[in-house]
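Visitor: In the order they appear, the protein sequences are chains A, B and C.
The opening position of the first sequence corresponds to residue 1 in the numbering used here, with each subsequent residue numbered one higher.
The opening position of the second sequence corresponds to residue 1001 in the numbering used here, with each subsequent residue numbered one higher.
The opening position of the third sequence corresponds to residue 2001 in the numbering used here, with each subsequent residue numbered one higher.
Quick caveat, the hints were computed from the structure, so don't treat them as lab data.
Take these hints with a grain of salt, some might be off.
[What the hints assert, rightly or not] Residues from chain B shown here face chain C by an in silico Cβ test under 10 Å; the list is partial:
no.	residue
1	1008
2	1010
3	1015
4	1017
5	1030
6	1033
7	1046
8	1050
9	1054
[What the hints assert, rightly or not] Taking lysine to aspartate or glutamate pairs in the EDC-like style, the calculated list, with each CA pair at most 20 Å apart, reads:
no.	chain 1	residue 1	chain 2	residue 2
10	A	136	B	1104
11	B	1054	A	143
12	B	1106	B	1028
Backbone N, C-alpha and C fix where the C-beta goes; we use that ideal spot for every residue, glycine too.
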Amino acid sequence: MNLWNKLMCYSRRHSPWLFHMNGGSCNGCDIELIASLTPRYDAEQLGVRLEGSPRHADILCITGPITKTAVNAVKTVYDQVCDPKAVIAIGSCPATTNVFVESRTLAGPLNKHIPVDVFVPGCPPRPDAIILGVAKAAEILAERAGKKQIAEPVVMPLVGPGCNGACACGGEAKTAANPEEVAQ
Amino acid sequence: MRILSMLWSNLWGRPRTLLFPKRPVVTERFRGLVRFDPALCSGCAICKMRCTAKAIEFKAGKGEFTWSYEPGQCTFCGRCVEGCKDHALSQDSECPPIYTAIGELKTAYTVARKTTVKPAAAPQPAVAAPAAVPAIPASGETE
Amino acid sequence: MNLITALARLLIFPGLVFAVPAAWFFLWVERKAVARMQGRIGPPFMQPFFDFVKLMGKSTPPRNGIGGLLMRAWPLIAVSSAAGAVGLLPVLPASGGFQGDLILLLALLELPSMCIIAAGFSSGSIFGEIGSAREAVLSVSYNIVFLLAIVSIAASQHTFSLAALAQQSASPLRWLGILAILVCLPAKLHLNPFSLPNAEQEIYSGPITEYAGPELAMWELSHGLEWVAATGLVATLAAPVLATWWAAALVFVALCFGLVLLLSVVAAATARLQIDTTVRFYWQCTLIFAVLAVASALFMRFRA
């Protein structure tokens, strides 16, 4: 069913739905993310929709250096996003914790906890850079999902409190280096 | 009513959006990636001390030093550029590029220290501190 | 009416084959019109179709027990009832039409919002419950006006049959009822200023918070079909009687399109109203209006 796969790949690239999560940021990057939906930069021309629920979204946009109080929430939300998914680290903070590098309230950069696909540097990054990041993440997501040949959907269990061990790992995989591991 | 007339004029006017790959022209005061010119740098490491995010690393070696810059760590504040007395640092007026792997954009330069000519020591006047001044040859010393 | 024609009406026009692309088209028109009025470009043409395909390719979280089964069922019921409502519309001249009843059409139009309410409660998330409660309050408020308007239209023409309603040309009383229905439409379709159940910043997508993948695709499709059905109802009530079937079909599509544009203008020009303002609006302002319509219809009936 090559035609279906091609159609699916095209649709995944052209319909990235975002969910935005603040992992302890100063809100500068959050404001620029919302600014990318305004008329001048209009992310909707790429089909981007800012969704209200992580279950609806494909792409998780995380801002902020991940503080100790936010890290569990970020991991839970990452698990709630359904496959196929991608993660964008917006701003310099989630990539490398930026100026807060010696702070004792941080739990480390984002890629220590969840696999990140695109980093958009800047403090804060311009909205057009964020849109470029979203387009790149949609491309990465479409390619990765196409390679995984999602003919039957991969069930993503809810890892965390209340995990019923339904997946193959039996509840042991709390974090993963890449989504393929968690799914298996 | 004002809203309706605004909607009407928007509907028939041109949208103000930048079509996707086009990006806006930023002013020349925009603080982007830091650019390093090894020819001008004298290795004082003031930029490393002034850096707020510890994005600049400076390792001194024998007769050379290594200057490296991690744009992912940088907060683009411009303190390094302001503090460089040799004007070896400047900031792009373009946005930093997006990347997909940590450390992808890190740049490092190894620069040989420039030879400096110490100014010739002025011949000490005989009235200088007696017996405390070691005899210094009048010719300048070079390293 | 023979079986072939009935099946054609149900499945092809204005049934499934027309309704599903029309749903996507109207969803696109609304997003594009709102975007243009806000000075943006808006999504490209086939965007709702790509959204649908992409959602079909996503995985869903495991759903256990009877709650899980119900959760999977609600979007399917919503889609099928909305598609049935569209198929029942008396677009084409009634000589071969699907002889449906106004009551049946109304019931089918109501089911999607009932399904949303039930889905919010059966999903077990608190956001779903709050969203469903709001949707229930909204539904009670606008349905009073909606049903009164429909009753007044039917009473003024002395019939509940859809085909007969479509045959007769519109009397002034019918326009009053149509106006009342138009006022209810933004609430029915979850548009600003009555988009409370979908309030993103407050309750994270409301009743459909826990849905993902193909189930969410079905919800989006049922939303689009609701657009077609609701605007189609007003279009068939307002359309002039035409002899040839293709002229009637064209006028129907054109009227629906115009209504979608009108609703987009309303959606772009207003902000979301709070629940108490919404309820007050429907019960105070339009209730009087609808009562007037019913009273005048009954008066006309007893006079005739």
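Visitor: Each hint needs a verdict: does it hold in this structure or not?
Guide: Results of checking the hints against the structure:
Checking residue 1008/B against chain C by beta carbon gives a least distance of about 8 Å; that is within 10 Å, so the hint holds. At a threshold of 10 Å, the smallest CB-CB gap from residue 1010/B to chain C is about 5 Å, leaving the interface hint in force. Interface restraint check: residue 1015/B against chain C, minimum CB-CB distance 5 Å, threshold 10 Å, status holds. The interface hint given for residue 1017/B holds, since its Cβ lies 4 Å from the closest Cβ of chain C, which is under the 10 Å cut-off.
The beta carbon of residue 1030/B is not positioned within 10 Å of any beta carbon in chain C (closest approach about 24 Å), and the interface hint is therefore violated. Of the supplied interface hints, the one on residue 1033/B is violated, with its beta-carbon coming no nearer than about 30 Å to a beta-carbon of chain C, more than 10 Å. A cut of 10 Å between beta carbons decides the hint on residue 1046/B: the least distance to chain C is about 46 Å, and the hint is violated. For the restraint placing residue 1050/B at the interface with chain C, the shortest Cβ-Cβ distance is roughly 40 Å, beyond the 10 Å limit, so the hint is violated.
Against a cut-off of 10 Å between C-beta atoms, the interface hint on residue 1054/B is violated, since the closest Cβ of chain C lies about 36 Å away. In summary, the hint linking residue 136/A to residue 1104/B is supported, as the alpha carbons are separated by about 16 Å, within the 20 Å threshold. For the hint pairing residue 1054/B with residue 143/A, the CA-to-CA distance comes to about 35 Å; that exceeds 20 Å, so the pair is violated. Between residue 1106/B and residue 1028/B the CA atoms are separated by roughly 24 Å; this puts the pair beyond 20 Å, and the hint is violated.
When held up to the earlier numbered hints, the structure conflicts with 5, 6, 7, 8, 9, 11, 12 and fits the remainder.
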